[in-house]
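Construct the entire structure; sequences and hints are all you get.
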Amino acid sequence: NAGVTQTPKFQVLKTGQSMTLQCAQDMNHEYMSWYRQDPGMGLRLIHYSVGAGITDQGEVPNGYNVSRSTTEDFPLRLLSAAPSQTSVYFCASSLISGPHGELFFGEGSRLTVL
Amino acid sequence: KNEVEQSPQNLTAQEGEFITINCSYSVGISALHWLQQHPGGGIVSLFMLSSGKKKHGRLIATINIQEKHSSLHITASHPRDSAVYICAVCEAGGGADGLTFGKGTHLIIQP
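The listed protein sequences correspond, in order, to chains A and B. Our numbering applies: residue 1 is where the first sequence begins, and numbers increase by one. Our numbering applies: residue 115 is where the second sequence begins, and numbers increase by one.
If you're looking for bench data, these hints aren't it; they were derived computationally from the structure. Cβ coordinates follow ideal geometry from the N, Cα and C atoms, glycine included. Keep in mind that the hints are not guaranteed to be accurate.
Straight-line distance between alpha carbons at most 30 Å, and here's what the computed DSSO-like set of lysine-lysine pairs gives [said to hold, decoys possible]:
hint	chain 1	residue 1	chain 2	residue 2
1	B	Lys217	B	Lys115
2	B	Lys182	B	Lys168
3	B	Lys182	B	Lys115
4	B	Lys217	A	Lys9
5	B	Lys169	B	Lys182
6	B	Lys217	A	Lys14
Partial list, derived from the structure: chain B residues whose beta carbon lies under 8 Å from chain A [stated by the list, open to error]:
hint	residue
7	Asn116
8	Val118
9	Val141
10	His147
11	Gly155
12	Gly156
13	Leu163
14	Leu213
15	Phe215
16	Lys217
17	Pro225
The following residues of chain B were derived to be distant from chain A, with all beta-carbon distances above 12 Å [claimed, not checked]:
hint	residue
18	Ser121
19	Ala145
20	Gln151
21	Leu173
22	Lys182
23	Ile188
24	Ile222
25	Ile223
Put into structure tokens, the structure is as follows:
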């Protein structure tokens, strides 16, 4: 049982490049979300999804796109990377739609934008 | 938006000590999460509670809804408990985006 799998674990980008952070879960969870973690700040929600075909913006969505074509996968796309997007990114899922149930997190993806 | 405050920000203790980490919030909630993050590692859910008290091994979480306060206790602390402990709250009536995180408490247990 893999849980929540994030790839890559580390990535270095140049300003203006694009990339996709992958997130997959094998627990048939309806709710999936992306957070970023920055020093001195709590985790902040970027985008979330309550089921396949449904996505919505969180607190800090600018510069990021998501899609949810299947229950299992929830990729996060950086369209044109900026140094302000240097951060650690976490994908999370929950069986219950919304953050009212136990949260399962991926291992994190450390992104550096030069 | 809920304001979530954790205290202390940093805590260093000796192995075996009883540890208490506090979390207070400003707006009524439907659920509170305690999470653990090891250095360089992922985040693990420890507890999700909406009232009373929960216990798992040496960890105990309590919540007082009236006082808008929760505590995480660690009994007989061990160096492997060294981690960042994060409190997160889900606002009452909040939607799927209604989770606010504290900044975390960095705990070091020395042998």
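Structure versus earlier hints - violations, ascending order: 7, 9, 13, 17, 19, 20
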